[in-house]
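Line order of the protein sequences matches chains A and L. One gets our numbering by counting positions in the first sequence from 1 and adding 5 to each. One gets our numbering by counting positions in the second sequence from 1 and adding 5 to each.
Hints listed in this document are in silico derivations from the structure and should not be mistaken for laboratory results. Please read all numbers here as calculations on a predicted model, not as lab measurements. For each residue, glycine too, the CB sits at the ideal point set by N, CA and C. Mixed in with the good hints there might be a few duds.
[Stated by the list, open to error] Covered by chain A, per the in silico footprint, the following chain L stretches (three or more residues, Cβ under 8 Å):
#1 38-50
#2 282-292
#3 318-330
[Claimed, not checked] If the Cβ cut is set under 10 Å, some of the chain L residues that face chain A in the computed set are:
#4 Gly59
#5 Ala63
#6 Gly64
#7 Ser68
#8 Arg94
#9 Ala95
#10 Met101
#11 Lys214
#12 Gly258
#13 Gly259
#14 Gly275
#15 Gly297
#16 Arg300
#17 Leu315
[Said to hold, decoys possible] Chain A stretches covered by chain L per the calculated footprint, using a threshold of three residues with CB under 8 Å from any CB of chain L:
#18 291-305
#19 314-320
Number of protein chains: 2
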Amino acid sequence: MPSEYPATALELRSTLTDDGVVRLAIRRTDVADPADDQVVVRVEAAPINPSDLGMMFAGGDPSAGLPAGDGIHDAVAVPVTEAAVAAQRARLGKPMPVGNEGGGVVVAAGSSPGAQALLGKTVGFLSGNAYAQYRTLNVSQCLPMADGTDPADAAAAFVNPLTALGMVETMRSEGHTALVHTVGASNLGLMLNRICIDDGVGLVNIVRKPEHVELLRSLGADHVVDSSAESFIDDLTDALRATGATIAFDAIGGGDLASILLSRMEKVAGEQAGEFSRYGSDTHKQVYIYGGLDRGPTTLRRDFGMSWGLGGWLLTPFLIKIGQDAADRLRQRVADEITTTFASTYGTRLSLADAVDPSQVARYARMATGDKALVTPQA
Amino acid sequence: MPSEYPATALELRSTLTDDGVVRLAIRRTDVADPADDQVVVRVEAAPINPSDLGMMFAGGDPSAGLPAGDGIHDAVAVPVTEAAVAAQRARLGKPMPVGNEGGGVVVAAGSSPGAQALLGKTVGFLSGNAYAQYRTLNVSQCLPMADGTDPADAAAAFVNPLTALGMVETMRSEGHTALVHTVGASNLGLMLNRICIDDGVGLVNIVRKPEHVELLRSLGADHVVDSSAESFIDDLTDALRATGATIAFDAIGGGDLASILLSRMEKVAGEQAGEFSRYGSDTHKQVYIYGGLDRGPTTLRRDFGMSWGLGGWLLTPFLIKIGQDAADRLRQRVADEITTTFASTYGTRLSLADAVDPSQVARYARMATGDKALVTPQA
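Whenever a hint applies, use it, and build me the whole structure from the sequences.
What follows is the structure in structure tokens.
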């Protein structure tokens with residue numbers, strides 16, 4: 006048995022119980038020996054993405070967390086409404102692993118050539134249990150980085166980079182030539198902006214604050230529209246006309262933004278259509294909801310003809326759909342450009358103990374733009 | 006020049022003007038001589054489908070029609086709101102042809118073998134200008150019926166039959182095995198019910214009145230759910246569970262029916278899923294809106310995971326998408342089963358003069374189940 010990793014290590018788990026509480030706790034767990042095609046990664050960093058919060062806090066209110074340690078390890082308890090508990094019966098009482106992705110160093114490897122090739126490498130990984138000191142992972146879950154890469158830079162190599170690339174790939178594969186992104190100033194939005202500049206793809210960035218217009222413009226974005234401005238609808242229409250964007254990716258979800266997007270795309274399409282049709286233009290207009298910053302209902306006024314679609318968009322089914330070769334191509338681009346196109350910035354770094362500290366929880370769960378948290382489990 | 010058709014004949018046209026009035030009028034028009042691949046059809050019958058009303062009355066209020074003849078020909082004038090006028094600028098002042106489909110007898114034909122083969126035949130046709138005494142049409146617009154078919158039976162061979170078949174084809178091509186239809190007791194719904202019984206496809210019929218439950222059951226439907234019943238949600242869930250339906254076609258459009266459908270499909274999918282996922286089940290759930298009986302906004306609560314889609318569904322793009330061969334196969338089935346599977350029933354028959362009579366307009370525009378109107382232009 007190799008000795009480069011301990012027999013046990015610390016991890017975070019989230020347990021929802023029937024009494025309306027979700028408990029995010031540090032606990033000690035076994036570090037499994039690697040099978041032939043596995044490696045053991047010493048986890049150096051793992052980001053807290055919006056997509057992690059649901060599993061961590063089960064839709065509860067992270068601003069109302071209280072200390073809930075058991076005397077040995079720290080924990081935080083967060084209240085969850087009865088309705089949210091009812092919607093998540095399948096996880097009741099089960100300590101769920103948390104942390105979609107992370108970065109670290111491969112400290113042990115199984116016997117397969119693929120595993121051996123990773124020994125000593127810095128890797129990013131996608132695992133669903135990244136908030137831990139050590140993880141035993143399949144080779145296929147790891148993305149090796151160039152020698153000398155800081156493991157912290159490798160920590161966010163999957164969710165945001167592949168989602169941003171996936172948006173552009175989806176745009177192309179569904180026959181569109183430009184796209185809209187509704188949270189332009191997010192880490193994901195900044196990546197998407199860099200990809201679109203590099204690839205010459207038209208991008209309409211929607212932001213929610215005037216200062217974010219300036220930020221994106223300073224980063225070379227041609228089309229930035231502020232949804233808090235009185236001229237939003239006209240500005241959006243102009244940007245859609247200029248780019249020809251007929252697909253949008255929306256992280257907000259609730260409210261009437263999807264309806265506005267479809268309606269304005271249809272307006273531009275109608276300007277270009279020759280003949281009148283009571284079914285609207287032939288131009289297919291698509292909005293994908295990939296997040297839910299606004300959990301309220303989505304309202305569609307259906308003033309956009311009959312050629313339209315709205316749907317959920319999720320990374321994993323997208324990667325399965327495009328197949329291994331195409332997914333590998335995207336992953337390789339991420340590895341090659343991890344410190345440029347796909348660089349992330351963090352507002353705070355947290356030890357595992359910090360990650361279950363109620364005041365830290367209240368802060369990082371707000372997901373304020375520019376204040377993203379990075380968990381550093383060795384700290 | 007052949008003499009089997011007159012030089013001029015009567016037709017209906019609909020003209021929207023800037024003063025907020027749409028005028029549906031009889032007028033005299035030339036009957037064009039057929040080109041090589043064309044035929045002249047003496048139109049015997051043409052149904053008024055829900056999809057015809059938009060072009061006829063431009064979203065105005067058909068219950069408020071007034072006589073508006075010009076002294077030679079009759080017409081009806083219907084008020085249209087300013088917003089509806091603004092949304093239809095492209096048709097302002099243009100006399101738009103009306104009537105998506107009809108049936109008649111081919112009385113003259115061009116020189117091509119395809120055209121000659123239709124001479125004397127009863128045909129159904131799709132033209133967008135069917136409310137007329139004679140029409141010169143391309144061979145490809147016509148569907149020849151077996152000898153002895155009543156032209157009235159051929160009048161509704163396209164819109165409802167191909168839409169019903171298109172729903173089943175779409176269901177299959179997108180990987181679903183059973184479907185939901187939200188207006189089960191409509192002419193279209195009854196056709197779909199017959200198709201699904203013949204083809205062994207699971208169908209959940211949603212109806213809005215208790216008596217329609219009885220009607221559909223008497224016609225052999227296994228799953229009929231009354232949306233006016235207090236037990237609607239549970240009944241729907243049971244029917245979804247029994248059929249495994251994960252796609253729905255909705256003619257209502259507004260309100261929360263699409264949201265309820267997606268949510269209940271997800272509930273059933275979740276019962277079958279093994280592992281908990283905060284993104285919901287992997288089962289793709291789809292609702293297509295193909296009509297707008299409720300013009301109000303569509304509200305989605307998004308309590309159905311991330312694997313879902315909502316979109317518009319329209320017959321013509323569907324037929325283009327499946328290609329000529331597949332479309333021909335569907336058309337042939339319609340011709341073969343026009344008096345059985347695809348039979349329509351009508352509550353009233355109207356001459357062209359009746360069709361612009363304000364009291365008749367108010368009646369047929371209500372589109373009451375069982376009171377469908379058939380225009381008979383030779384009457």
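Now the hints, each set against the structure:
With 0 residues having a Cβ less than 8 Å from any Cβ of chain A, the segment 38-50 of chain L misses the three-residue criterion, and the hint is violated. Three residues within the 8 Å Cβ limit are the bar, and the segment 282-292 of chain L against chain A gives 3, so the coverage statement holds. For a cut-off of 8 Å, the count of residues in the segment 318-330 of chain L with a CB near a CB of chain A stands at 3, and the three-residue condition holds. A least Cβ separation of about 4 Å between Gly59 (chain L) and chain A falls short of the 10 Å threshold, and the interface hint therefore holds.
Here the hint on Ala63 (chain L) is kept, as its CB sits about 8 Å from the closest CB of chain A, short of 10 Å. Contact between Gly64 (chain L) and chain A, as hinted, is supported at the beta carbon level, the nearest pair being about 9 Å apart and thus within 10 Å. Proximity of Ser68 (chain L) to chain A is violated relative to the hint, the smallest CB-CB distance being about 20 Å (cut-off 10 Å). Interface hint status for Arg94 (chain L): upheld, as the beta-carbon distance to the closest one in chain A is roughly 9 Å, under 10 Å.
Here the hint on Ala95 (chain L) is kept, as its CB sits about 4 Å from the closest CB of chain A, short of 10 Å. Contact between Met101 (chain L) and chain A, as hinted, is supported at the beta carbon level, the nearest pair being about 7 Å apart and thus within 10 Å. Annotation: interface hint on Lys214 (chain L) violated; nearest CB of chain A at approximately 25 Å, more than 10 Å. Taken as an interface hint, Gly258 (chain L) checks out: its beta carbon lies about 6 Å from the nearest beta carbon of chain A, inside 10 Å.
Taking 10 Å as the C-beta contact cut-off toward chain A, the hint placing Gly259 (chain L) at the interface holds, the least distance being around 8 Å. Because the beta carbon of Gly275 (chain L) sits about 7 Å from the nearest beta carbon in chain A, less than 10 Å, this interface hint is met. Taken as an interface hint, Gly297 (chain L) checks out: its beta carbon lies about 7 Å from the nearest beta carbon of chain A, inside 10 Å. The interface hint given for Arg300 (chain L) is met, as the beta carbon of that residue sits about 8 Å from the closest beta carbon of chain A, less than 10 Å.
Among the interface hints, the one on Leu315 (chain L) holds; its C-beta lies about 5 Å from the nearest C-beta in chain A, closer than the 10 Å criterion. Taking a C-beta to C-beta cut-off of 8 Å, the segment 291-305 of chain A contributes 8 residues in contact with chain L, enough for the three needed, and the coverage statement holds. Note: the segment 314-320 of chain A has 6 residues with beta-carbon separation from chain L under 8 Å; the three-residue rule is met and the coverage holds.
Violated hints, listed in ascending order, are 1, 7 and 11; each of the other numbered hints is respected by the structure.
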